[in-house]
Amino acid sequence: IQLTQSPSSLSASVGDRVSFTCRASQGISSYVAWYQQKPGKAPKLLIYDASTLHDEVPSRFSGSGMGTDFTLTISSLQPEDFATYYCQQLYANPLTFGGGTKVEIK
Amino acid sequence: EVQLVASGGDLVQPGRSLRLSCTGSGFFFGDFGLSWFRQAPGKGPEWLGFIRAKTYGETTEYAAPVEGRFTFSRDDSKSIAYLQMNSLKTEDTAVYYCTRDRQHHFGGLYYYYMDVWGEGTTVTVSS
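As they're listed, the protein sequences go chains G and P. Okay, so the first sequence: first residue is 1 according to the working numbering, each after it adds one. Okay, so the second sequence: first residue is 1001 according to the working numbering, each after it adds one.
Bound-form chain G, shown alone (with noise of 0.2 Å):
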């Protein structure tokens, strides 16, 4: 099953909205998760289910969609947040991520 991020890279200010999409191959369901990782870090569950938020990550933070088409939204902009973003598909084996979004500062 391939994932398809987009956009690939977006500069954005402290405060915006964003979102950025993951379009999956073939239907999913809600078996999507998303990650967030930082430079030489190792990727943060932050979002399973399409929607649920995983523990302590803050409620700015939003998942959404089922099938084939997925959205991550962060609803104001933090500092901390600047990182690439990947969605991941947990619905068959082999479990593949998209290519990423990476969130820079405008």
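Treat the hints with caution; some may be incorrect.
Unchecked claim - Computed cross-link-like contacts, SDA-like style, restricted to lysine to any residue with a CA-CA straight-line distance of at most 20 Å:
1) G/Lys38 x P/Val1095
2) P/Lys1043 x G/Phe61
3) G/Lys44 x P/Pro1041
4) P/Lys1054 x P/Gln1103
5) G/Lys41 x P/Thr1093
6) G/Lys102 x P/Ala1040
7) P/Lys1043 x G/Pro79
8) G/Lys106 x P/Tyr1111
9) P/Lys1043 x G/Pro94
10) P/Lys1043 x P/Val1095
11) P/Lys1043 x G/Ser62
12) G/Lys41 x P/Gln1003
13) G/Lys44 x P/Val1002
14) P/Lys1043 x G/Pro7
15) G/Lys44 x P/Lys1054
16) G/Lys41 x P/Thr1122
17) G/Lys41 x P/Tyr1111
18) G/Lys38 x P/Gly1026
19) G/Lys44 x P/Gln1003
20) G/Lys41 x P/Lys1054
21) G/Lys102 x P/Tyr1111
22) G/Lys44 x P/Glu1001
23) G/Lys41 x P/Gln1103
As the list claims (entries may be wrong) - Pairwise CB distance ranges, derived in the manner of DEER restraints:
24) G/Lys106 x P/Arg1019: 42 to 52 Å
25) P/Ser1087 x G/Ser75: 45 to 55 Å
26) P/Ser1017 x G/Ile1: 26 to 36 Å
Calculated directly from the structure, the hints in this document are not laboratory data. A virtual CB, placed ideally from N, CA and C, is assigned to each residue, including glycine.
On the provided structure of chain G, position chain P as indicated by the hints.
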């Protein structure tokens, strides 16, 4: 604090072997399945496979690029999982991560998501 730490990465020549370890702490290691991922420089993570908990027979599954060359195992008495890598290739160069897999019931199915990722360890395969 729940933690996983991968170790054992090194510079090795093509065709050689290497064993990575994944040490867990802050949780009951034996209750959880574990997955392995790797991430080549500038790329997204790549799933390598998993080893389930003893309750589920320590079942393993491998991704196609590593099946037959890589082997997962675990020693719950030491809270350590292992990734034995044989016949290493230059394309195996990456940072390797282990994850804790949490079983979850959703939409009528049981599935696993990766709730804890360990610090990675770097494997470089080069002559």
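Structure-based check of all given hints:
1. G/Lys38 x P/Val1095: holds (14 Å)
2. P/Lys1043 x G/Phe61: Distance ~24 Å between P/Lys1043 and G/Phe61 Cα, so the pair is violated.
3. G/Lys44 x P/Pro1041: holds (18 Å)
4. P/Lys1054 x P/Gln1103: Given pair P/Lys1054, P/Gln1103 holds - Cα atoms ~14 Å apart, limit 20 Å.
5. G/Lys41 x P/Thr1093: At roughly 17 Å apart (the allowed maximum being 20 Å), P/Thr1093 and G/Lys41 satisfy the hint.
6. G/Lys102 x P/Ala1040: holds (17 Å)
7. P/Lys1043 x G/Pro79: violated (24 Å)
8. G/Lys106 x P/Tyr1111: violated (39 Å)
9. P/Lys1043 x G/Pro94: holds (17 Å)
10. P/Lys1043 x P/Val1095: Satisfied, since the Cα-Cα distance of roughly 11 Å is no more than 20 Å.
11. P/Lys1043 x G/Ser62: violated (25 Å)
12. G/Lys41 x P/Gln1003: With Cα atoms ~14 Å apart, G/Lys41 and P/Gln1003 stay inside 20 Å; holds.
13. G/Lys44 x P/Val1002: holds (13 Å)
14. P/Lys1043 x G/Pro7: holds (16 Å)
15. G/Lys44 x P/Lys1054: violated (26 Å)
16. G/Lys41 x P/Thr1122: Satisfied, since the Cα-Cα distance of roughly 12 Å is no more than 20 Å.
17. G/Lys41 x P/Tyr1111: Not OK: G/Lys41 and P/Tyr1111 at ~26 Å, beyond 20 Å, violated.
18. G/Lys38 x P/Gly1026: violated (24 Å)
19. G/Lys44 x P/Gln1003: holds (12 Å)
20. G/Lys41 x P/Lys1054: violated (30 Å)
21. G/Lys102 x P/Tyr1111: Violated, at about 28 Å.
22. G/Lys44 x P/Glu1001: Distance of about 15 Å is within 20 Å: holds.
23. G/Lys41 x P/Gln1103: violated (24 Å)
24. G/Lys106 x P/Arg1019: 42 to 52 Å: holds (45 Å)
25. P/Ser1087 x G/Ser75: 45 to 55 Å: holds (48 Å)
26. P/Ser1017 x G/Ile1: 26 to 36 Å: holds (32 Å)
When the structure is compared with the earlier hints, violations turn up for hints 2, 7, 8, 11, 15, 17, 18, 20, 21 and 23 and for no others.
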